[in-house]
Amino acid sequence: GAGVSQSPRYKVAKRGQDVALRCDPISGHVSLFWYQQALGQGPEFLTYFQNEAQLDKSGLPSDRFFAERPEGSVSTLKIQRTQQEDSAVYLCASSFGPSRNSNQPQHFGDGTRLSIL
Amino acid sequence: GQNIDQPTEMTATEGAIVQINCTYQTSGFNGLFWYQQHAGEAPTFLSYNVLDGLEEKGRFSSFLSRSKGYSYLLLKELQMKDSASYLCAVRENLSNTGKLIFGQGTTLQVKP
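If you read the protein sequences in the order shown, they are chains A and B.
According to this note's numbering, the first sequence is numbered sequentially starting from 1089.
According to this note's numbering, the second sequence is numbered sequentially starting from 14.
It should be emphasised that the hints constitute simulated quantities derived from the structure, not laboratory data.
The model shown is predicted, which means the values in this text are computed figures rather than measured ones.
The beta carbon of each residue, even a glycine, is placed where N, CA and C say it ideally should be.
Mixed in with the good hints, there may be bad ones.
[To be verified] These stretches of chain B come out as covered by chain A in the derived footprint (C-beta under 8 Å, 3 or more residues): (1) 58-69; (2) 84-97; (3) 110-120.
[As the list claims (entries may be wrong)] Stretches of chain A that chain B covers, calculated by requiring three or more beta carbons in the stretch to come under 8 Å of a beta carbon on chain B: (4) 1099-1112; (5) 1163-1169.
Please model the entire structure based on the sequences and the hints provided.
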């Protein structure tokens, strides 16, 4: 596709339920990032993939959060036993190459707005 | 530690010029990005600075001083559609990921 696609756009779940959020990056992009954005705040890093390898998961808030990118394209962020503090917008971003020294920007999707009741 | 500061809100008039400042203190530095984000939408890339100086791109310009830990985004000939949140983000270089550390964002309101 032309841009980063995320689904669903909105997700409402009851506390304790598991949720799965999907990200379709721009075709051919090697790097994929997940960020969490609370209302009125900037995005905060969760995890990073280079192709299928998860190279950094230092931002995941707890072991209830799990991300995968098994074939190096689509990625899924899973949250188990959701809690109210998990309510936020979850943004996915991709970039063309390994991102450390590149001037290639990260391209963001519209995000999934997660509400935990 | 990581700290990026931006003003929370700014207001400006259509047709005018506005400067949004960003100061940062990060464990490492490997470039600074500015993004625009309309409510409920994706952040979109505006500019990138890695060396000191001014980068100009149409109505938008961005400046960087690495020694001062300071950047600004300059928006000229403001239009109503420029009302949005503007995010300053530093790419740190301690990890091998290129992850971005964001400020809280500056909400700009453009008035007629």
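A quick look at each hint next to the structure:
1. Here's how the segment 58-69 of chain B fares: 3 of its residues keep a CB closer than 8 Å to some CB of chain A, so the rule of at least three is met and the hint holds.
2. Proximity of the segment 84-97 of chain B to chain A, defined as three or more residues with a beta carbon under 8 Å from a beta carbon of that chain, is not established by the 0 residues found.
3. With a cut-off of 8 Å between beta carbons, the segment 110-120 of chain B has 9 residues touching chain A; three or more are needed, and the interface restraint holds.
4. For the segment 1099-1112 of chain A, the stated coverage by chain B is not satisfied: 0 residues place a CB nearer than 8 Å to a CB of that chain, which falls below the threshold of 3.
5. Counting residues of the segment 1163-1169 of chain A whose beta carbon lies closer than 8 Å to any beta carbon of chain B gives 0, which falls below the threshold of three, so the coverage claim is violated.
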